[in-house]
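Chains as they are written, first to last, in the working numbering: chain Z, 1 to 497; chain H, 1 to 497.
Where hints are given, some of them may not hold.
The list makes no distinction among identical chains, and a pair is therefore deemed to hold if it is satisfied within one copy or across any two copies.
[Unchecked claim] With a Cα cut of at most 25 Å, we get these calculated SDA-like pairs of lysine to any residue:
no.: 1; residue 1: K249; residue 2: P37
no.: 2; residue 1: K434; residue 2: D327
no.: 3; residue 1: K187; residue 2: A177
no.: 4; residue 1: K39; residue 2: A12
no.: 5; residue 1: K491; residue 2: A431
no.: 6; residue 1: K13; residue 2: V60
no.: 7; residue 1: K39; residue 2: D217
no.: 8; residue 1: K97; residue 2: E24
no.: 9; residue 1: K207; residue 2: K249
no.: 10; residue 1: K39; residue 2: P213
no.: 11; residue 1: K124; residue 2: S343
no.: 12; residue 1: K187; residue 2: E123
no.: 13; residue 1: K249; residue 2: T33
no.: 14; residue 1: K227; residue 2: E24
Keep in mind that the hints were calculated from the coordinates and are not lab data.
Protein chains: 2
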Amino acid sequence: MTKKEAFDTLFAKNEAIGALDMAEALIHWDATTSGVPMKSIEARGAASGWLSGESFRRFVAPDTQECIETLEALDGELTTIERAMVREVGRRYRKAKAIPPEEFQAYSTLLAQAEPIWEKAREKRDYNMILPYYEKIFAFQRRLCDWYGYEKHPYDALLDDYEKGASVEMLDRFFGALREKISPLIKEIGASGQKPKEIKGTFDIAKQKELSPWLCDFVGYDRERGKIGEVEHPFCTTINRHDVRITTKYHEDNLLSALYSTVHESGHALYEQNMDEGLTVYGLDEEASMGMHESQSRLFENIICRSRAFAGQLLPKLRGLFDYFADWNEEELYRAVNIARPSLIRIEADELTYSLHIMVRYELEKALIMGDIKPADLPGLWDNEYEKLLGLRPDNLAEGVLQDVHWSSGAFGYFPTYAIGTAYGAQLVNAIRKSVDVDTAIKNEDLSPITGWLKENVHRHGAVMLPDELLKTATGEPFDAKYYVDYLSEKFTELYL
Amino acid sequence: MTKKEAFDTLFAKNEAIGALDMAEALIHWDATTSGVPMKSIEARGAASGWLSGESFRRFVAPDTQECIETLEALDGELTTIERAMVREVGRRYRKAKAIPPEEFQAYSTLLAQAEPIWEKAREKRDYNMILPYYEKIFAFQRRLCDWYGYEKHPYDALLDDYEKGASVEMLDRFFGALREKISPLIKEIGASGQKPKEIKGTFDIAKQKELSPWLCDFVGYDRERGKIGEVEHPFCTTINRHDVRITTKYHEDNLLSALYSTVHESGHALYEQNMDEGLTVYGLDEEASMGMHESQSRLFENIICRSRAFAGQLLPKLRGLFDYFADWNEEELYRAVNIARPSLIRIEADELTYSLHIMVRYELEKALIMGDIKPADLPGLWDNEYEKLLGLRPDNLAEGVLQDVHWSSGAFGYFPTYAIGTAYGAQLVNAIRKSVDVDTAIKNEDLSPITGWLKENVHRHGAVMLPDELLKTATGEPFDAKYYVDYLSEKFTELYL
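Please take these sequences and the hints and turn them into a complete structure.
Given below as structure tokens:
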């Protein structure tokens, strides 16, 4: 196989996989934004299964290996982008091939059963319903560590699957810093007795919807190259580079929910819209890592749109729509969108406490993989960790160990990307501040100096660099948790103490 | 290749093609019901092209031929449904293989250019813009006749492509009957001086929308197994057997437009929803022919929902929504939905004159294929035919020869299916009347005796039978234009003369 043949083969695969994945994305969009007839679920699932199966089959076909071997042998002759393509294809191919097919089949069947069982278990608050599934899933994940391979810690193999290059060593350091600085801060804040004014009331949904386009435009998400849908659980999906869609959900009694969800998904969409089009043929038009994607959404959601400067821009908009805000001032609004209060449910957590929820899951996953704890002991250990880190103890399993779908869907090693991404965001904004006056940009309602920096240094590169390299190139430093810890400490100390 | 291998191979192809076609249907639904970002059209087109190309490639792969040969040799051993599958696969395969690939490639490119040129030519009313495209397209169509093959008339090859078994012989007889009976009737009606009261005014679109579910339910389209979208040009699309979607378009100044469009598409949807699920694996869960599909939509649109009995049911609904109808009576409404008046635009034509629009196109296509006329002469000939048949002469090309997209998109031999389908509908309802009191069913707002008959005799069979066999089995007679001619003559004579 010549170099040209190898690339042409991979390009053709990318074209096929791109079209199949686009179809899958549209099927998902269609089902979530406008609903699916109940009776059609089986036929739809079968078609969807064929499409995703075909995408996988094309990727793992034997000629992929031949291409990889041919091109890896030519490493010195390759351009940066070609080398990145070979690296990513090789990485994914070896992972896909690492799992014995019959094990993969059985595991897929297990997962298909586990998720609905988890839903019932959560509803009935009955851990014993899901326990046998957890036991099998966790055992599979442990074997997965060996199939994937690792150098230092078996859990590294799983972490790396979601966040390329992540390891126990890196995460222990990261969470160690949070444990040392953020956990005491939360307790101090709790003890301070500060009670900021809260946004409470009902807010007309039609009016809330008027706010969304402004928020998208503010972040820089190009609505002409996408659309906005409404769903139960908001997400961002890419149909192609010029059709990146976001979703949101409006709650009459929670104004901030749709507002920050729209900003969050706009941040994701901006990343997708700004990737170089030339990357598509190489299959590199995707995020550097899940954490890097999350960094973009959280950066806008929290650092930009929970800033004092943004409260100044938001308040007149809110006043124009809701009489409720007539007697509010900017400082009150700033404090209201930054209420920090330990809670039990991760997805409702505030900026300050969020990463501690992740820490609980990280520590438990790590201990499970090492065999230090048993799946049967998770509920009690979970509650103890929450009490220790956040000072709260769940009343029931639905607010405790059964709140997340991830474990029943086999996503093990995934949670940390949420926290790492948030920390990447803080490091990136720290770098941006060296050349950009962030507050002025917000006050001008013109984030182009920020989004331009992100496009140039992060977005356009897609998956060409690994996340650590990308972060280092963009910020001049390797990943360092201190930017995130310092940011949180300074912001919330100033707010509360 | 054994019988089992041949069937398994074809079943696997059907699964793949079904999934790919479902993706295509969803892409089309998504684009038409909620719009596509302009900049995404190219990438979307590329993905869509890959999906439809893959569907085609799988179908024309060499092993399809081996399956066909294996199974055709076993004809005596096959069940009815197996034989139908082999017939349909063989038919489509031979057509697909008949066109030399390089010719097909050049023709596809030509068509991609021609359609936007046609739009501009229509807009500018400039026939010379499209003429060179028409010349090449028509020349290709003539060669297509030879590639497909025919027994009597070259045009038969094209007619059969859209309506299996249709021929010049059949259509000359059919249109001859219309020419003889319907054309004079139209002129008589014109001369009668009758001027029925017309529905004129503006009708709130939100209220029009309240009517649609009732219309769907009335026809028997199961909204729980589909959904209703809004588009520029209404259509019905099948995602799967339990997700059949219709579309409509509301016009404030034209109440009847959405009303009859909803009924029409519901008729199509009913056919799709009622096909036996067991046909899917054989790829036979589709219409017996395009004409048969059109028969189902037109039957409900015209024979059922432009009946006196239906006017009786519709009037109270309209009164409940629009004060406008306060002083209308049933007879006035019946006459208002049946105004017959020669016009120039096919898609706006009434029930009586519609098929004459088709006849103009049929005669011109036939003469073009025979080389009796030249593409350059079409505008004048078109106008002459309209004057002769309908007593009207177009003022410009947009109301004349440039009104339809079909020729620029290569759909040659397609128009007749609209008229044949309408005639099938009349023959089917004539047969239904032998066992069902149609007017009473309408008055009871319970069409189940009619839809039950159609499901049993037409819908459930999908593409197992050819259309002529299906019609003969259902009605006891081969296709006969007299039912359609008699139906129109009686209805409109009673109304107008």
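Comparing the hints with the structure gives:
no., hint, in the structure
1, K249 - P37, "both (21 Å within a copy, 22 Å between copies)"
2, K434 - D327, "neither (36 Å within a copy, 76 Å between copies)"
3, K187 - A177, "within (16 Å within a copy, 91 Å between copies)"
4, K39 - A12, "between (36 Å within a copy, 23 Å between copies)"
5, K491 - A431, "within (17 Å within a copy, 80 Å between copies)"
6, K13 - V60, "both (10 Å within a copy, 20 Å between copies)"
7, K39 - D217, "between (39 Å within a copy, 18 Å between copies)"
8, K97 - E24, "within (22 Å within a copy, 30 Å between copies)"
9, K207 - K249, "within (13 Å within a copy, 27 Å between copies)"
10, K39 - P213, "between (35 Å within a copy, 19 Å between copies)"
11, K124 - S343, "within (22 Å within a copy, 66 Å between copies)"
12, K187 - E123, "neither (31 Å within a copy, 72 Å between copies)"
13, K249 - T33, "both (10 Å within a copy, 21 Å between copies)"
14, K227 - E24, "both (17 Å within a copy, 20 Å between copies)"
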